Amino acid sequence: MTAVAAAEAGPHPWRRFGPDVLTMTARVLRLVRRDPDELVLALVLPTAMMLLFVYVFGGAIEVGTDYLAYATPGVLLLCAGFGAANAAMAVNSDVSGEIMDRFRAMPVASATVLVGHVLASMAKNLVTTAVVLGVAMAIGFRTVAGPLGWLAAVGVVAVYVFAITGVAVLVGVLVRTPAAAGGFGFVMLFLPYVSSAFVPPETMPSWLRGFAEVQPVTPVIETVRGLLVGMGSDGMPVTGLAGTATVTLGWWLGVALVALSAASWAFARRGR
Amino acid sequence: MLAQRLRYKQFMSYTDEVLVRAAGLRKSYGPARRPVRVLDGVDLELRAGEVLALLGPNGAGKTTTVRILATLTRPDAGSAHVAGYDVVAEARRVREIIGLTGQHAAVDLKLSGRENLTTMARLAHLPRRAVRGRVAELLEAFGLTDAADRRLDTYSGGMRRRLDIAAGLVRRPRVLFLDEPTTGLDPRSRAYLWDVVRDVVAGGTSLFLTTQYLEEADRLADRIAMIDDGRVVAEGTPARLKQAVGDAAIELTYGTGAEAGFAAAALGTGTPEDRTVRVPTDGSVGHVRGVLAAVEAAGPAPVRWEVRAPSLDDAFLALTGQPTAPAAAVAA
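As given, the protein sequences belong to chains W and R, one line each in that order.
Each step along the first sequence adds one to the number in the numbering used here, with nothing skipped, and position 214 is 1011.
Each step along the second sequence adds one to the number in the numbering used here, with nothing skipped, and position 77 is 79.
Just chain R, same shape as in the assembly (with noise of 0.2 Å):
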């Protein structure tokens, strides 16, 4: 499966097609004397074959950028195409091309997953006598078989998830939109959910997907687009990304600011920064005993210490400069 879906990888890179192209969307909601800008100029591309992540926190614009890609919204300014057509004027043509799933379920939890699907298949003008395989044919690549004819009331969120994103994927889309998909989900299904995305892709999908998680942007993406306060702030592949954000840091939190003070400059790193000194580190066990020896060293012991991996808010710091906006600056 690996080595196929690098083949087909390799083969796209050559076409090279933008699939998806948003040129200066803006998008304001609200009433026209007060409103409240949602999105202030968003430029995405997202080439065939390709996983764009669009990563932000919430209320960045993820969603509303979704939703006019995926002909559900207008924007106020800009424009939007995929596949070459708009997505305002021609809508009825994208709506033959994508396939959305949104970030709240979008099914009927009454009937069974096979019915879900059966009538999502009937509307998407499967023919006749596909919609029984096609069906079959999802449920067994989402791993729903076994439930496939229980009701989706008694399904875990994290199958109900799956037969959301399956219901998406019908008609084979060339590009699918997943808006925040393992939000909420244990991590369990966030893994099983990962690789069934994967394996979507691997089938010759492109897919939009929107996340806050930067450890999910790092695992499914081949770019990642960072969003805050309806503007892409950064955009590159993930190795670049996390070269510019850097490796995990060894968190030290002492009882005083002179203590914290003086274990940085015994430690060589920045100013502390309230009462806690922060540590680059590869996070390897030889690197990590090495500054905790060093820490022994300096005196003065921390309350606590903790290895951390680089938060969204740190990429966002390490690549503009600025903590992600505030969120009562993002609903003013």
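Okay, chain W solo, but in the shape it has when bound (with noise of 0.2 Å):
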């Protein structure tokens, strides 16, 4: 029986764990492709976020800049903040699923699951936040960065994405059913309202001025904004942006080392 078992010994789950990853990966993405409300969600509700903001609300907020300039970067942490908080449900759906019990029982490390959601959220919201900055284009946005200023742009988004997506994760993982996890999206699409994202902090009443100043949303905001328009919430050019990016990283990086920890965690304990 030893014979035939050494015959039978596969790598060890951990030695394969790139290359689940990717199946894994691809397999979420197939899943985000075939869902309507996922497309509606990456690539039509960026779109008409941008066209809104900027012809409905744009006119009638005084920011003392081009509105398109000032909200740009909101639109673009909103929906990919919105769209990478949607990751909880599918998480929840597999993790509670049936689908689970057989990769359970098959030579593969589970928390391929979960770090495929992360990647597949990563790719997801990068198109996401192309077709916003498409969009502004479009529409007139102009930037002042050069190609490093983009590179670093770009790198707070995937940063503040991994960490929202961290974050759903950890929902996915804990709550009972789909449904339930879907009420993290809407913390998701309101937690940049209260922020410098749509309209400079000093106009709100003191108290949620205070909110606004200090949540972790309005540092993102400042840092992309000040990387891509070189201004500041105020109006005024940018300064102090190595700061501001520093803080953003700590939080967020923060954010996700907790969140992907518990997830992994609590994940491991389901199911037993």
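Keep in mind that the hints were calculated from the coordinates and are not lab data.
Computed from a predicted structure; not experimentally measured.
There may be inaccurate statements among the hints.
[What the hints assert, rightly or not] Listed next, the stretches of chain W that the computed footprint assigns to chain R, with coverage defined by at least 3 CB atoms under 8 Å from CB atoms of chain R:
{"id": "1", "stretch": "808-819"}
{"id": "2", "stretch": "825-837"}
{"id": "3", "stretch": "911-921"}
[Stated by the list, open to error] Chain W is nowhere near these chain R residues, computed Cβ spacing over 10 Å in every case:
{"id": "4", "residue": "Pro33"}
{"id": "5", "residue": "Ala126"}
{"id": "6", "residue": "Thr156"}
{"id": "7", "residue": "Tyr157"}
{"id": "8", "residue": "Ala241"}
{"id": "9", "residue": "Ala250"}
{"id": "10", "residue": "Leu269"}
{"id": "11", "residue": "Thr271"}
{"id": "12", "residue": "Ser286"}
{"id": "13", "residue": "Arg291"}
{"id": "14", "residue": "Val293"}
{"id": "15", "residue": "Glu298"}
{"id": "16", "residue": "Glu308"}
[To be verified] Sample of chain R residues lacking proximity to chain W, with all beta carbon distances greater than 10 Å (derived):
{"id": "17", "residue": "Val109"}
{"id": "18", "residue": "Leu125"}
{"id": "19", "residue": "Ala132"}
{"id": "20", "residue": "Gly159"}
{"id": "21", "residue": "Arg192"}
{"id": "22", "residue": "Val203"}
{"id": "23", "residue": "Ala251"}
{"id": "24", "residue": "Thr258"}
{"id": "25", "residue": "Thr273"}
{"id": "26", "residue": "Val290"}
Cβ atoms here follow ideal geometry from the backbone N, Cα and C, with glycine treated the same way.
These two chains come separately, so use the hints to put the complex back together.
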């Protein structure tokens, strides 16, 4: 029997981690492409938000500068964040569904399921970001950023999407049903409104302004706006960008680390 | 195909290797203060090349047994081995040998049959170049070639079930676990699925099957283990089991208990239960006609009558002297 067993023994699942993650990622992305809701979220929502803010609200909002330039980073992060939060439902329908049993009964590290969702979310929201920027440029958005600035801005957006996806994965692992996981999307849809994304915090009542200035979405917006259009929320040329960027990375890398650690801990204990 | 299968079985019966062995499996769920006992000492053996059916009513512990053997659930006590590997300590080895198709479909409905199987084949670490061929082979074997590129949400229940089983076979497992494969299927899909499963077994895969249908266990299994209330209560070949259970019976229901008693005395059967008299029969026209003539001669006319095949309950009654545990007791 030992001889038979030795012939059958495959490589350890951790040594197949990379290829297995790619298989899982491809699966999630294919499911996204087949889901009309996901396509609307990833492609139509960003376009609609962009046009809504610039043409409907933009005329009435006075920020002391071109509103398109002011609001584009906000729309970008709103859409990417909302799209990333949507991973909560996809993760939950996997881990609470029968297919998880099938994966667990195969010689595959089950963490590949979660990592696959994270990578798929990054890829999906990179597309969303490109759509937002494409629409913005089509209606007149101009950037001051050079190649390095662009790279830095995309990097910051990627970190933000990574962190939100991490929280989404945690929510997806913790809640019982996909519908409950959907609630997280709403949080991420509203958080950017109470930041410097669409109006300067100075215009808010003082108690709200306090929240808007310290909540972690504000420094991301400030960083991306600073990198792409070179101005702050007061419409003045940006100052202290390096400091804001450090705060941003500290916040969101921290969130990602905590959320993903908690998610893998909870995942390992689920369904035993 | 049949001859090939017989040769294979003969060969395997000489080797007589025990592929799956469970000893004293216990499992309870729920809070520690008021645990619900699901398995109460399950002992089982599956030999290489064999089909074993774990037969029992809902809540008997069939799914929990399969989940433990397939490394998904840890037993509270007892041990289980697949091909000599411990399902808890050596779960990784076990996962390389088994295929599992659970009670509910574990497939992506938005993907096509081919896409589902391809994903599974990659995760089963088939050599890259072998994936496409193996997937096509499985689609063919399960009668799904024409539907291969359609999304699963356009499949019928039977087709989905077949694809689900195929997904558990991408790596040619030595043992396939099927948890209630035909529950909820119409008779035609069920018969087709049985044929497909027989071919899989003919190909050399040993099968561990759970079912709540006596007929299914009879059609597919070499041995049947009957499970009730978390224990294996009887075990044997279908022939032995059927012998114990007896043949079909003619059931005659009368309007009053007195009439039933009178008829039972005239027909020479036991005391009627709830106005119903049961006369064992082999189901042949001649025997049924003879019994009905005797019924007419006895006098009182039954309100209705039918020829009934033995049910799961009859089997449990015959083999254990007790009907299956009521669902309420299992849930308590």
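Results for each hint:
With 6 residues carrying a beta carbon less than 8 Å from a beta carbon of chain R, the stretch 808-819 of chain W meets the three-residue requirement, and the given coverage holds. Residue count for the stretch 825-837 of chain W with a Cβ under 8 Å from a Cβ of chain R: 4. That meets the three needed, and the coverage hint holds. Here the stretch 911-921 of chain W counts 0 residues with a CB under 8 Å from a CB of chain R, which misses the bar of 3, and the coverage is violated. Annotated as non-interface, R:Pro33 keeps its C-beta farther than 10 Å from every C-beta of chain W; the closest such distance is 15 Å.
With a least beta-carbon separation of about 6 Å from chain W, R:Ala126 fails to lie farther than 10 Å from that chain, contradicting its non-interface assignment. Distance check for R:Thr156 against chain W: the nearest CB is about 12 Å away, which clears 10 Å, and the non-interface claim stands. For R:Tyr157, the condition that its CB be more than 10 Å from all CB atoms of chain W holds, with the nearest at approximately 15 Å. The non-interface label for R:Ala241 is consistent with chain W: the shortest C-beta to C-beta separation is roughly 31 Å, beyond 10 Å.
The claim that R:Ala250 lies off the interface holds: its Cβ sits roughly 37 Å from the closest Cβ of chain W, which is beyond the 10 Å cut-off. For R:Leu269, the requirement that its beta carbon stay farther than 10 Å from each beta carbon of chain W is met, with the minimum near 51 Å. Residue placement check: R:Thr271 keeps its beta carbon more than 10 Å from all beta carbons of chain W (closest about 47 Å). Against chain W, the non-interface label of R:Ser286 holds: every CB pair exceeds 10 Å, the least being about 45 Å.
Non-interface status of R:Arg291 relative to chain W is upheld: no Cβ of that chain comes within 10 Å, the nearest being about 50 Å off. R:Val293, annotated as away from the interface, keeps every beta carbon of chain W farther than 10 Å; the closest lies near 48 Å. In this structure R:Glu298 is separated from chain W by more than 10 Å, as the shortest Cβ-Cβ distance comes to about 55 Å. Against chain W, the non-interface label of R:Glu308 holds: every CB pair exceeds 10 Å, the least being about 38 Å.
For R:Val109, the non-interface assignment is contradicted: its Cβ lies about 7 Å from the closest Cβ of chain W, within the 10 Å cut-off. Its beta-carbon lying about 5 Å from the closest one in chain W, R:Leu125 breaks the requirement of being farther than 10 Å from that chain. Consistency note on R:Ala132: stated as away from chain W, and its beta-carbon is indeed over 10 Å from all of that chain's, at 14 Å minimum. For R:Gly159, the shortest C-beta to C-beta distance to chain W comes to about 15 Å, beyond the 10 Å cut-off, and the non-interface label holds.
Distance to chain W confirms R:Arg192 as a non-interface residue, since its nearest Cβ pair spans about 20 Å, more than 10 Å. R:Val203, annotated as away from the interface, keeps every beta carbon of chain W farther than 10 Å; the closest lies near 19 Å. Annotated as non-interface, R:Ala251 keeps its C-beta farther than 10 Å from every C-beta of chain W; the closest such distance is 39 Å. The non-interface label for R:Thr258 is consistent with chain W: the shortest C-beta to C-beta separation is roughly 51 Å, beyond 10 Å.
Chain W leaves R:Thr273 outside its interface by the beta-carbon criterion, the shortest separation being 48 Å against a cut-off of 10 Å. Listed as outside the interface, R:Val290 is consistent with that label: its C-beta sits roughly 45 Å from the nearest C-beta of chain W, beyond the 10 Å cut-off.
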